[in-house]
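There are 4 protein chains.
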Amino acid sequence: MTLIAERLLTTLTDAERARMEKVESVLPALREAAAKADETGEFPVGHIALMREAGLLGLIIPEEFGGLGGGLRDLAGATFTLGSACPSTALAYFFHNTSASRGLLPLEAIEAGLFAEDEVPVIKAFAERLLTNMAGGTWLANFASEEVKSSSANIAIATIATPVEGGWSLSGVKSFGCATGVADYYLVTAKVDGTTDADGLALFLVNRDSEGITNRPKWNGLGMRASANDGVIMENVFVPSEDSLTVPGSFVKMLQMSRGSFVGNQLAIMAVYLGAAQNAYDYALERTTGKTFADTGKTIASSPMHQVIIGNMAERLETAYLWIRRQIELETSEPPLLPKAEVYKQWRIAKGDISEACFQVALGALKACGTSAATMDGVIGRTLRDLAMALVMTFPAERGRLEAASMITQDKENELFASVNS
Amino acid sequence: MTLIAERLLTTLTDAERARMEKVESVLPALREAAAKADETGEFPVGHIALMREAGLLGLIIPEEFGGLGGGLRDLAGATFTLGSACPSTALAYFFHNTSASRGLLPLEAIEAGLFAEDEVPVIKAFAERLLTNMAGGTWLANFASEEVKSSSANIAIATIATPVEGGWSLSGVKSFGCATGVADYYLVTAKVDGTTDADGLALFLVNRDSEGITNRPKWNGLGMRASANDGVIMENVFVPSEDSLTVPGSFVKMLQMSRGSFVGNQLAIMAVYLGAAQNAYDYALERTTGKTFADTGKTIASSPMHQVIIGNMAERLETAYLWIRRQIELETSEPPLLPKAEVYKQWRIAKGDISEACFQVALGALKACGTSAATMDGVIGRTLRDLAMALVMTFPAERGRLEAASMITQDKENELFASVNS
Amino acid sequence: MTLIAERLLTTLTDAERARMEKVESVLPALREAAAKADETGEFPVGHIALMREAGLLGLIIPEEFGGLGGGLRDLAGATFTLGSACPSTALAYFFHNTSASRGLLPLEAIEAGLFAEDEVPVIKAFAERLLTNMAGGTWLANFASEEVKSSSANIAIATIATPVEGGWSLSGVKSFGCATGVADYYLVTAKVDGTTDADGLALFLVNRDSEGITNRPKWNGLGMRASANDGVIMENVFVPSEDSLTVPGSFVKMLQMSRGSFVGNQLAIMAVYLGAAQNAYDYALERTTGKTFADTGKTIASSPMHQVIIGNMAERLETAYLWIRRQIELETSEPPLLPKAEVYKQWRIAKGDISEACFQVALGALKACGTSAATMDGVIGRTLRDLAMALVMTFPAERGRLEAASMITQDKENELFASVNS
Amino acid sequence: MTLIAERLLTTLTDAERARMEKVESVLPALREAAAKADETGEFPVGHIALMREAGLLGLIIPEEFGGLGGGLRDLAGATFTLGSACPSTALAYFFHNTSASRGLLPLEAIEAGLFAEDEVPVIKAFAERLLTNMAGGTWLANFASEEVKSSSANIAIATIATPVEGGWSLSGVKSFGCATGVADYYLVTAKVDGTTDADGLALFLVNRDSEGITNRPKWNGLGMRASANDGVIMENVFVPSEDSLTVPGSFVKMLQMSRGSFVGNQLAIMAVYLGAAQNAYDYALERTTGKTFADTGKTIASSPMHQVIIGNMAERLETAYLWIRRQIELETSEPPLLPKAEVYKQWRIAKGDISEACFQVALGALKACGTSAATMDGVIGRTLRDLAMALVMTFPAERGRLEAASMITQDKENELFASVNS
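Sequences listed follow chains A, B, C and D, in order.
Okay, so the first sequence: first residue is 1 according to the UniProt record's numbering, each after it adds one.
Okay, so the second sequence: first residue is 1 according to the UniProt record's numbering, each after it adds one.
Okay, so the third sequence: first residue is 1 according to the UniProt record's numbering, each after it adds one.
Okay, so the fourth sequence: first residue is 1 according to the UniProt record's numbering, each after it adds one.
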């Protein structure tokens with residue numbers, strides 16, 4: 001049996017195949033719920049238990065912490081597969097998984113000797129707690145982004161953490177984060193009060209039901225509507241010490257361990273979009289080769305305009321696969337094929353180009369299928385809206401290329417995180 | 001006071017200015033109703049009385065028939081203006097106006113001597129009836145398109161008209177036509193039973209409330225949601241003789257009188273989209289120049305990515321203006337600047353290119369404004385969806401260019417209407 | 001008889017028609033010499049007498065100074081016509097004509113009251129001398145550009161003029177200027193020694209054979225090879241006072257009189273490229289519709305690939321016409337249709353877009369005609385090379401859009417001329 | 001030491017590294033001769049001995065026949081490396097190597113049991129003769145293409161082979177084939193007289209100095225000028241039986257053995273262009289980061305326009321690498337990753353996209369470097385011309401996508417070779 005993830009990964013190891021089969025086991029439920037979820041803009045809560053029971057919350061957690069032991073290839077294969085059925089669910093699932101990097105990278109940083117001896121136990125305890133929870137079925141939302149923008153960094157952090165008896169008190173607004181009100185815990189990035197640079201950034205595992213947390217107004221998104229990414233407002237939210245990672249500089253040290261870009265795993269978000277694009281492409285092909293012209297009896301797909309559009313779609317779709325496959329190769333090969341700076345530069349272009357290519361596939365599918373398929377609720381309308389979000393939630397190709405140009409000509413990178421005043 | 005239509009037409013005559021002021025008088029109401037209309041997918045019925053009372057239903061009807069005496073420039077100016085506030089209303093209004101060509105072109109064909117003497121009174125009566133009604137405040141829907149596709153013609157007609165006592169009986173399905181269930185009368189194109197070519201095509205003014213008419217299921221469009229374009233099913237619908245134009249060949253003879261393409265006035269549909277694109281552009285500029293980066297205090301618009309996107313948007317927007325202005329010039333200049341075949345060829349490219357350019361403007365606005373503006377109900381989300389419809393309801397640039405190439409290399413045009421079996 | 005310029009200008013007045021007939025009278029000679037001129041990279045010197053005798057050196061000089069009284073439309077029509085036969089000659093001819101602005105704009109500035117009473121006679125004398133010479137058959141080269149680049153201005157001037165007995169002494173290097181060693185006089189822009197801003201810029205009519213002038217090494221251009229644009233080195237070149245315009249601020253005041261951009265007339269350079277693009281398009285159509293496939297007997301042009309390419313070419317070509325026609329309209333309409341800043345912004349986009357569109361036409365022609373036409377010396381190879389120069393000698397579309405974006409978002413324009421140290 | 005081929009292949013085996021070092025050993029000579037070779041349009045004859053002595057003529061010949069034992073990766077690495085120095089030489093070398101497939105594929109077809117027992121010895125003798133000769137230092141030109149075009153096949157064969165005493169007599173015109181007049185032997189595809197389909201196609205090794213062969217007039221190409229691809233005219237040219245492969249159907253059977261497309265190895269021609277594109281990119285970066293603006297002291301590369309162009313170039317260049325690397329993977333992986341039809345479809349898109357991307361890199365380099373670099377003889381001018389040839393000698397992206405669309409929607413492939421009447 002051919003698995004959906006093989007379209008992306010071409011070949012799978014036996015272990016990968018076993019994990020992908022678990023992923024496919026939840027697909028029928030996702031497919032069935034997708035249209036309604038989009039219409040109402042509600043994350044289908046039943047999906048959490050479904051994925052927990054399939055063991056998927058621990059997909060990329062090492063077996064020693066109780067997970068399935070998957071890696072980046074698995075994560076990309078999973079989000080791709082899920083994205084072909086319900087991109088919103090795939091997105092929320094992706095963000096759950098990104099949290100794992102906050103456990104895995106610190107452990108790598110310890111091995112690399114980046115932490116002082118006395119820091120190690122604290123770091124280790126947090127990391128293990130995080131990973132064990134995830135493997136055990138705790139769904140994590142990942143709240144980093146805020147509304148304020150910085151010209152020099154991708155994400156600006158103004159949320160403040162103040163030390164209090166037995167832990168920390170958090171205040172701030174997180175503008176975006178999937179699974180708001182749905183996840184069990186929120187992984188929150190904040191800056192320790194009084195600090196001014198990235199060394200002051202810290203991590204907190206915040207119980208969803210903590211006092212002082214309210215959801216922001218429901219976000220009526222153009223697409224990816226069922227990912228519950230409303231964001232939260234935190235006012236003096238208490239987090240116990242054991243759920244905090246506040247060792248100065250720990251955030252920056254993690255960053256050094258990732259091969260491509262922080263939050264690691266980022267390429268798996270593009271796999272969500274690619275899965276959705278593949279689905280729209282398949283739909284358009286089936287529709288246009290399945291209908292015929294009244295006068296000639298030839299398929300709609302055979303018209304010169306359709307041939308041009310289908311050729312372009314095929315090219316755009318395959319281009320997206322090429323970029324993401326190369327990135328997977330660059331981020332997983334041992335030894336590394338290229339130095340980190342090269343991997344990172346490649347990633348900036350890849351990220352923008354994949355979102356652009358996926359959107360173009362959806363646009364081609366719209367053009368090919370015509371007015372009758374251009375409905376709000378069908379595959380064409382939903383995918384076009386979902387993939388329009390790819391252009392803004394990740395970023396447009398224009399930005400990736402400019403960032404690459406800047407690195408190429410000035411050896412200067414955009415910072416990923418900045419600490420700013422709100 | 002600068003009128004919105006001046007952005008398109010640059011200069012206005014006094015008479016045009018007076019007519020455009022009437023158009024602008026209804027704008028506040030359209031603007032206010034636009035978001036709700038999109039959300040519910042309902043044409044705001046109050047708009048009909050509003051526009052009727054402003055005299056706008058007779059905008060392009062000659063004064064001798066009681067109209068305002070406007071021409072193609074007025075129509076384009078009006079749909080552009082309305083499109084900047086509520087593209088759905090503008091679209092329905094456009095289709096109302098296209099009906100006028102079925103009165104004006106036959107009159108021109110009479111003057112050109114295309115009809116036999118005994119045909120003239122019949123033709124004239126129908127034309128005058130149509131024009132007088134429109135000027136008098138009758139809203140007309142225009143039902144041509146059907147679901148069946150022909151490889152060689154833009155519109156395939158399978159609806160059949162059978163002669164009955166005192167008139168005709170119509171049966172068929174019209175898949176698309178704005179103002180379904182809203183317009184007072186439907187202008188229906190059908191083929192006389194037993195005929196096999198375009199000479200058998202005939203026109204009928206069908207009372208909306210006639211027996212045998214039902215609306216098709218509500219069409220849940222991706223965009224242009226409030227234009228009430230569900231279409232109708234007609235089963236043995238009676239139309240009195242005086243509301244019919246069934247003289248053999250009359251349809252084809254009309255066609256010969258239009259300068260660019262039949263249904264004349266087609267360019268005014270592109271003005272709807274251009275108005276919407278201009279609105280999205282203005283919104284994006286205001287938003288990105290009105291927000292600043294937290295670290296530098298510079299406007300968001302000043303970032304390198306934004307400069308690229310804004311430059312591209314400006315270019316795409318202006319390109320759309322160039323194509324449409326040229327087409328207006330070609331279709332209104334006396335004497336004609338170019339032969340009809342050239343005007344028509346230019347129009348095929350223009351039509352596709354304008355829709356593509358307008359959509360690209362909306363896409364640029366989306367990219368420029370980012371995630372926070374990418375909502376279902378804001379200007380960005382609505383315009384992106386409305387302009388996605390431009391790509392399928394008119395057609396994509398790919399098709400226009402291919403049709404032009406075919407004319408250039410083979411002197412062969414696509415037929416506009418074909419008579420087919422259902 | 002249809003004149004070539006009618007493709008660009010659509011309609012001509014009788015006077016324009018008479019002038020365009022003069023232009024067409026020299027075409028056979030230009031066509032015949034074009035290939036050889038490109039091969040050797042030599043401006044065909046005989047063309048000067050040819051054009052002088054046809055009166056074309058005074059094409060846009062008012063009749064009161066002995067010229068033909070043409071305007072911007074004539075100039076564009078002429079360079080377009082010549083460009084369709086020999087772009088190099090058309091380019092050199094364009095630069096001759098740009099010199100006229102240095103006579104016409106000062107006269108307008110006088111009328112506008114920009115000069116003090118005592119400055120008027122000096123300004124007037126220079127202007128009349130310039131215009132009378134041109135009308136009388138003096139070919140002028142126009143040397144502004146230098147090799148040094150400024151980030152904030154389009155042209156940076158480091159050439160220095162020092163006052164000496166009876167006139168001025170010029171020293172500097174002009175990197176580019178058509179008709180080097182061919183024109184009778186060089187119109188040189190320099191800065192008066194000791195000045196630091198644009199008020200110190202001055203104009204000089206330099207006799208080609210003056211002592212101290214040497215041609216720079218022959219420039220082996222990729223295209224536009226026969227325009228003799230090697231540039232000159234000036235070492236203490238004497239220019240008599242009467243051939244100088246050194247009134248402080250006169251340069252800047254001229255600038256204020258032009259509607260679009262300084263050197264006025266700039267759009268006529270784009271007409272050169274457009275003429276060349278039209279020629280390549282015509283060639284490609286004739287070639288591909290004139291050859292057939294051995295198996296089907298259909299024309300090469302009918303293949304799906306050719307249909308796509310030809311459709312794209314037609315669209316690109318027409319887009320270039322649209323931009324240039326609009327610019328002509330904006331720069332010649334009375335009263336002005338738009339404020340100067342708008343005209344200028346439009347021009348930045350137009351300039352880049354026209355060069356890009358023309359190049360794309362040549363590229364399409366290359367693709368359509370295939371390997372056998374891809375020779376160094378045929379129409380395809382020559383036009384591709386000539387139009388590649390359009391992208392750098394004017395500028396690429398990327399730059400025009402960025403300049404427009406900057407004006408749109410920051411109301412900030414690039415300066416046209418800057419005074420810099422060499 | 002990093003080898004040039006590593007930019008393409010990322011990692012090399014030790015054997016590959018050894019072979020690539022041989023390739024790099026000839027680079028200094030190629031680089032030195034490149035400009036002159038382009039100017040004169042002459043293949044530098046000394047290169048043949050140079051490459052023969054380096055053993056490179058047997059690069060992809062198995063060691064058992066005396067070759068270096070390289071495979072497709074080696075060939076791509078070699079043409080890429082050579083293409084970065086002298087694309088013309090790389091192209092001629094590529095065509096020499098393509099001849100190897102006419103020895104290797106028949107041997108594979110024998111193993112696959114496609115030939116009857118009595119055919120085997122004949123096939124085997126020809127194959128071994130061919131391979132041994134190549135390994136022994138015989139330079140082969142490969143003449144397939146003719147001027148006649150077929151709408152349904154990529155290459156149409158009208159050259160006729162008639163049986164004569166002791167061998168065959170060939171007559172026909174081969175329009176294109178590198179190393180005309182330079183190679184020792186010409187590998188000619190012809191159809192046996194009286195046959196009408198591909199089963200009648202046959203192969204002949206023709207001694208360059210045979211009676212009846214004349215070179216076609218020197219082809220003054222726009223680019224790739226030194227590849228000696230003038231083509232030949234054959235009038236009753238005798239070829240001895242042992243230099244012929246005329247077993248009916250042998251051509252078609254070979255075809256079945258190739259994984260991607262016949263002539264196998266085709267992707268290595270794209271590596272020529274990619275090497276050239278990389279060279280232009282490197283040149284443009286070095287030039288624009290090495291010059292500064294007079295006013296700010298910042299590099300030219302830092303201007304907004306340059307950032308946009310450089311970002312686009314980087315993206316285009318990397319995209320070309322992605323397509324070619326994937327194709328290498330698809331054509332060399334054991335077991336095959338995808339079925340042959342998929343590999344072939346991918347190749348059609350890849351081929352066009354790579355040529356387009358490479359050309360766009362050269363175009364970006366032209367724009368970035370400006371007028372002063374836009375000379376006939378510099379890296380920019382030469383590469384732009386050489387890569388313009390990529391668009392016609394392979395084919396434009398438009399064609400590859402249309403062919404893919406046709407395969408996708410109709411499961412119909414273009415034939416590679418057709419037998420036609422001249």
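Treat the hints with care, as some may be off.
Just so you know, same-sequence chains aren't split out, so a pair can sit in one copy or run between any two.
What the hints assert, rightly or not - Below, in silico cross-link-like pairs of lysine-lysine (BS3-like), each with a Cα-Cα straight-line distance of 27 angstroms or less:
#	residue 1	residue 2
1	22	36
2	218	36
3	218	149
4	291	149
5	340	36
6	22	218
7	298	149
8	291	124
9	218	291
10	340	124
I should point out that these hints are in silico values taken from the structure, not numbers from a laboratory.
Any hints from earlier that this structure breaks? Give me their numbers in increasing order, please.
Failing hints, ascending: 5, 6 and 8.
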